[in-house]
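**Student:** Each chain, letter by letter, is given below.
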Amino acid sequence: MNLKPSGDNLFKTLTTILAASAAIILLITAYTLLTGSLPAIQRFGIYFFTGTQWNPVVGREIFGALPYLLGTLVTSGIALIIGVPISLGIATFLVEMAPKTFRVPISYLVELLAAVPSVIYGLWGLFVMRFWVIDYIEDPLSSLLGWFPTFSGTPFGLDVLTAGLILAIMIIPTVSSVSREVIQAVPDSIREGAYSIGATRWEVIRHWVLSYGRSGIFGAVILGLGRAVGETMAVTMVIGNAIGPSAVPTSLFKPSQTMSSLIANGFLEATPASLELPAYMGVGLILLLLGLIINVIAHVMVSRVLKIKGGAVE
Amino acid sequence: MNKNLIIIIAVVLIGIISVSAYVALSPPSSPTGESVTLNGAGATFPYPLLESMMNEYKQVKSNVLINYQAIGSGGGISALQGKTVDFAGSDAPLGAADRAEAPNTLHIPETIGAVTVPYNLPGVSTGLHLTSQTIADIFQGKITKWNDPAIQDVNPEIMLPDHDIVVAHRSDGSGTTFIFTGYLSKVSTSWEQEIGQGKTVAWPVGLGGNGNTGVAGIIQGTKYSIGYVELAYALENDMTVAGIQNPSGNWIAPSLATTTAAVESKASQGLPTGDASWENVDVLNAPGEQAYPIVSFTYLLVYKELNVVPGMTETKATALIQFLWWVIHDGQQFGPALEYAPLPSNVVQLNEASIQSITFNGQTLSTS
Amino acid sequence: MDNYVYRKFKNNLFFVLCFLCVIIAIIPLLSIIFEVVVRGAPQLSLQFLTQPPSEGGIGPAIQGTLILIGLTSLIGIPVGIMSGVYLAEYGNNKFATWMRTFNDLLTEFPSIVVGITVFTVVVLSIGSFSAIAGALALSIMLIPIVARTTEESLKLIPNTLREASLALGVHKWRTTVSVILPAAKSGLITGTLLAVARIAGETAPLIMTILGNQHFFLGFTQPMDALPLRIWRSALQPSAAVQAQGWGGALVLVLIVLSLNIGVRLASQGRLRR
Numbered sequence: 001m002n003l004k005p006s007g008d009n010l011f012k013t014l015t016t017i018l019a020a021s022a023a024i025i026l027l028i029t030a031y032t033l034l035t036g037s038l039p040a041i042q043r044f045g046i047y048f049f050t051g052t053q054w055n056p057v058v059g060r061e062i063f064g065a066l067p068y069l070l071g072t073l074v075t076s077g078i079a080l081i082i083g084v085p086i087s088l089g090i091a092t093f094l095v096e097m098a099p100k101t102f103r104v105p106i107s108y109l110v111e112l113l114a115a116v117p118s119v120i121y122g123l124w125g126l127f128v129m130r131f132w133v134i135d136y137i138e139d140p141l142s143s144l145l146g147w148f149p150t151f152s153g154t155p156f157g158l159d160v161l162t163a164g165l166i167l168a169i170m171i172i173p174t175v176s177s178v179s180r181e182v183i184q185a186v187p188d189s190i191r192e193g194a195y196s197i198g199a200t201r202w203e204v205i206r207h208w209v210l211s212y213g214r215s216g217i218f219g220a221v222i223l224g225l226g227r228a229v230g231e232t233m234a235v236t237m238v239i240g241n242a243i244g245p246s247a248v249p250t251s252l253f254k255p256s257q258t259m260s261s262l263i264a265n266g267f268l269e270a271t272p273a274s275l276e277l278p279a280y281m282g283v284g285l286i287l288l289l290l291g292l293i294i295n296v297i298a299h300v301m302v303s304r305v306l307k308i309k310g311g312a313v314e
Numbered sequence: 001m002n003k004n005l006i007i008i009i010a011v012v013l014i015g016i017i018s019v020s021a022y023v024a025l026s027p028p029s030s031p032t033g034e035s036v037t038l039n040g041a042g043a044t045f046p047y048p049l050l051e052s053m054m055n056e057y058k059q060v061k062s063n064v065l066i067n068y069q070a071i072g073s074g075g076g077i078s079a080l081q082g083k084t085v086d087f088a089g090s091d092a093p094l095g096a097a098d099r100a101e102a103p104n105t106l107h108i109p110e111t112i113g114a115v116t117v118p119y120n121l122p123g124v125s126t127g128l129h130l131t132s133q134t135i136a137d138i139f140q141g142k143i144t145k146w147n148d149p150a151i152q153d154v155n156p157e158i159m160l161p162d163h164d165i166v167v168a169h170r171s172d173g174s175g176t177t178f179i180f181t182g183y184l185s186k187v188s189t190s191w192e193q194e195i196g197q198g199k200t201v202a203w204p205v206g207l208g209g210n211g212n213t214g215v216a217g218i219i220q221g222t223k224y225s226i227g228y229v230e231l232a233y234a235l236e237n238d239m240t241v242a243g244i245q246n247p248s249g250n251w252i253a254p255s256l257a258t259t260t261a262a263v264e265s266k267a268s269q270g271l272p273t274g275d276a277s278w279e280n281v282d283v284l285n286a287p288g289e290q291a292y293p294i295v296s297f298t299y300l301l302v303y304k305e306l307n308v309v310p311g312m313t314e315t316k317a318t319a320l321i322q323f324l325w326w327v328i329h330d331g332q333q334f335g336p337a338l339e340y341a342p343l344p345s346n347v348v349q350l351n352e353a354s355i356q357s358i359t360f361n362g363q364t365l366s367t368s
Numbered sequence: 001m002d003n004y005v006y007r008k009f010k011n012n013l014f015f016v017l018c019f020l021c022v023i024i025a026i027i028p029l030l031s032i033i034f035e036v037v038v039r040g041a042p043q044l045s046l047q048f049l050t051q052p053p054s055e056g057g058i059g060p061a062i063q064g065t066l067i068l069i070g071l072t073s074l075i076g077i078p079v080g081i082m083s084g085v086y087l088a089e090y091g092n093n094k095f096a097t098w099m100r101t102f103n104d105l106l107t108e109f110p111s112i113v114v115g116i117t118v119f120t121v122v123v124l125s126i127g128s129f130s131a132i133a134g135a136l137a138l139s140i141m142l143i144p145i146v147a148r149t150t151e152e153s154l155k156l157i158p159n160t161l162r163e164a165s166l167a168l169g170v171h172k173w174r175t176t177v178s179v180i181l182p183a184a185k186s187g188l189i190t191g192t193l194l195a196v197a198r199i200a201g202e203t204a205p206l207i208m209t210i211l212g213n214q215h216f217f218l219g220f221t222q223p224m225d226a227l228p229l230r231i232w233r234s235a236l237q238p239s240a241a242v243q244a245q246g247w248g249g250a251l252v253l254v255l256i257v258l259s260l261n262i263g264v265r266l267a268s269q270g271r272l273r274r
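Residue numbers (our numbering), protein chains in the order written: chain A, 1 to 314; chain B, 1 to 368; chain C, 1 to 274.
The set of hints was computed from the structure by calculation and includes no laboratory data.
One should not assume that every hint holds.
Calculated cross-link-like contacts (lysine-lysine; reagent style BS3-like; alpha-carbon spacing at most 27 Å) [said to hold, decoys possible]:
#, chain 1, residue 1, chain 2, residue 2
1, C, K8, A, K100
2, B, K304, B, K316
3, A, K12, C, K10
4, B, K145, B, K223
5, A, K12, C, K172
6, C, K155, A, K12
Under 8 Å between C-beta atoms, here's a sample of chain A residues computed to sit facing chain C [claimed, not checked]:
#, residue
7, L109
8, V116
9, I120
10, I190
11, R191
12, W202
13, G226
14, M237
15, L268
Covered stretches of chain C (in silico footprint by chain A; criterion: 3 or more residues with CB under 8 Å from a CB of chain A, positions within the stretch not fixed) [what the hints assert, rightly or not]:
#, region
16, 54–68
17, 132–138
18, 167–177
19, 203–215
20, 244–253
Beta carbons are placed, not taken as given, at the ideal position from N, Cα and C, and that holds for glycine.
Let the hints inform the model, and build the full structure from the sequences given.
**Tutor:** Put into structure tokens, the structure is as follows:
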């Protein structure tokens, strides 16, 4: 008899529909952003993506999202440059070097970094870290290298560098935990082979383990990039909130703006009458696309290496 | 069952129970009558006064709860247009395009305030003088150092440092910016041509802060900075403000007296009715001897026909009208303590007519 | 021999460097906790925790966060768990693979974009900033995380359990509900509570959905306050007294979030050591 019990059918249908919720939400979001931003994109065309002016004054309206795209990329870039080596160091330490008793407490403390809400990172960054950065990093750099464009300008602590540093701290838990899994997945035979020819611990790690896990680590890095790109509150509180051409991050010490901080600061004021609201939606759209692309790439790379197969138990 | 699991479940249950208890035990205190909630959003400019007024109003009508969130004039106007609030606050009157999106809106000036130019100069605790052109040039990035001759010349007794000026401005859509850039447009042709007046403008230089409070925060936290902030905020936070040269040539510091002088000399006649356009109304560069040059009305904006707002009921509409009536009469007494100038009598009469013209489903409502 | 000494030196050097990386990562954590406690603790008093802002407290913000946690859990947890059940128990086909991918993408959504969407779809249509809009925005962020942890927890349950149950004649859906889900109970609870703790601290989706309120809860379609929002707004005030309130709120939020985190992990470790 091929009769399927209807209880089963009902349950399966129910769970199927609910599982589709992610897709539905994604579609609604994409649709909302696309239709919402259309007026601005139609009006400004390619300028919206390549221009730097941002003027909501009625009659002089012009919106270009480039500075904020650059702001997002630069702050995320700084986050990677600083955060990835630290994360790799942590991952290496935990897998290869730490005595067993320390592994759990240390990894636990690092994961706790991920539990701190973003707005509290921002609070801390605004009132505490900002002054450390000014005193120990920006002032020395400015006096030594102030002639170099990247370090030009009088530093005030609310700038691209501070934002990048906070992002670096925030991506450490993600990048280090995925790297850790990748390094752990490297077969012991590789290590043993290397030890057997007399390599030191560090040489084994550097020349064998890390290169074996290279693509997985790259995937972890991309994941960290995705997280940095989507981060909002902590960045908004320390980036200095510049608008327009002066927001283009030409120097580490310049106040700037990321796509998400722009929206967080300005969305509520965008008057529905003008092109301002569509402009913000457009920035949101660019942000969404950037995040999606990065995360798809990361997803592909990490799952390939860790051989995570999506599949049911049946 | 695992002991730890039990603990977790117990914690969760306690959490849920305490939340429900918290919700149940903190109702809006309304011993008399049904409670009414009114939601408003908008300008940070008048927020200190509105906060004081809202607290006092609880003694008058304890069942009316007014929630006003200071998210900036731009936020208020768009919330009004989106009809997501019952009333809005804005320092900037509605421009033509905004009025088209919010037809039949009444402008009700509820108070008058001043925009000050505070600064943070180590060692200079009072008395910095600035001409109007200098201010415009600083904010336009044309004057970049504190010891620039334009500044030093009018401040002979002060040793100005050879340091970059850090400009602070609003990063959100702001009526305070609207007033300030209106002033700059009036006093500097290059500002008017290149940047203009608006709730948000393309600032050529500087750090952005959210709200009057954000800008004040930047100035207080950053040496050698200068910005623009509403008077109440500057006073509440003991900020050092510049004395500005007014059209009569005097160096005027912002205060209740100089604000009132400005209003008296410029706004005692010629104002439009509540439902007309207020686009061209300003109290900038008022002619009086002791008039402070950067003064403005700040407006409460409501729809003339309140039934267009979803969720509005006759009770709520009446409560709103009565609150507005109180604001322009008894509420005014709370202004001077916060250095907001009280409305002159001609403006009060204007507002009375506006408020009395508000209808709900065609009916006018009682103002007391 | 020289070469060997050099290599050994490099080896030890990099051991030290990696250890330094760990220290560098932990310093911010310790500093944050320190600052939050030192700056926030003086604020804590019964009045601060239960009174509205007009009396100098952040009661409405705390209440708002608790309500948001409750509402979001109510909406998000069932949907998330059912999603995860589908992916784990029925998800061997192309459709499920796609859903899994969408789910993973959704976990990494920029939170501000979620706020924009909910603003457009919910706030504008209801006509008011509201608690329900905030809860929906947070649910959107909660659902994919819960779905993923559910799927992982369920996949850990050995197939033999399912087969045994089916062999006894129990329907598939009953098997899932009465046998598999209870078996995965601890993983589910851990994952869900951790996800809720993470969502409780989110601010960006709340900016454009709940607006904020000086009063206690007034209704699901009314604006509401919440701790993360209040902290953000307080931080921007130049008045030291208000900033201190922000730190007090931060301490409360950190206590809620970290204790959920630590409590859950401690409990799950206890289970493992059994």
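**Student:** Indicate, hint by hint, whether the structure satisfies it.
**Tutor:** Structure-based check of each hint:
no. : hint            : verdict
1   : C:K8 x A:K100   : holds, 23 Å
2   : B:K304 x B:K316 : holds, 14 Å
3   : A:K12 x C:K10   : violated, 59 Å
4   : B:K145 x B:K223 : holds, 13 Å
5   : A:K12 x C:K172  : holds, 9 Å
6   : C:K155 x A:K12  : holds, 17 Å
7   : L109            : holds, 5 Å
8   : V116            : holds, 6 Å
9   : I120            : holds, 5 Å
10  : I190            : violated, 18 Å
11  : R191            : violated, 14 Å
12  : W202            : holds, 4 Å
13  : G226            : holds, 5 Å
14  : M237            : holds, 7 Å
15  : L268            : holds, 6 Å
16  : 54–68           : violated (count 0)
17  : 132–138         : violated (count 0)
18  : 167–177         : holds (count 6)
19  : 203–215         : holds (count 4)
20  : 244–253         : holds (count 4)
Of the numbered hints given earlier, the model fails hints 3, 10, 11, 16 and 17; all others are met.
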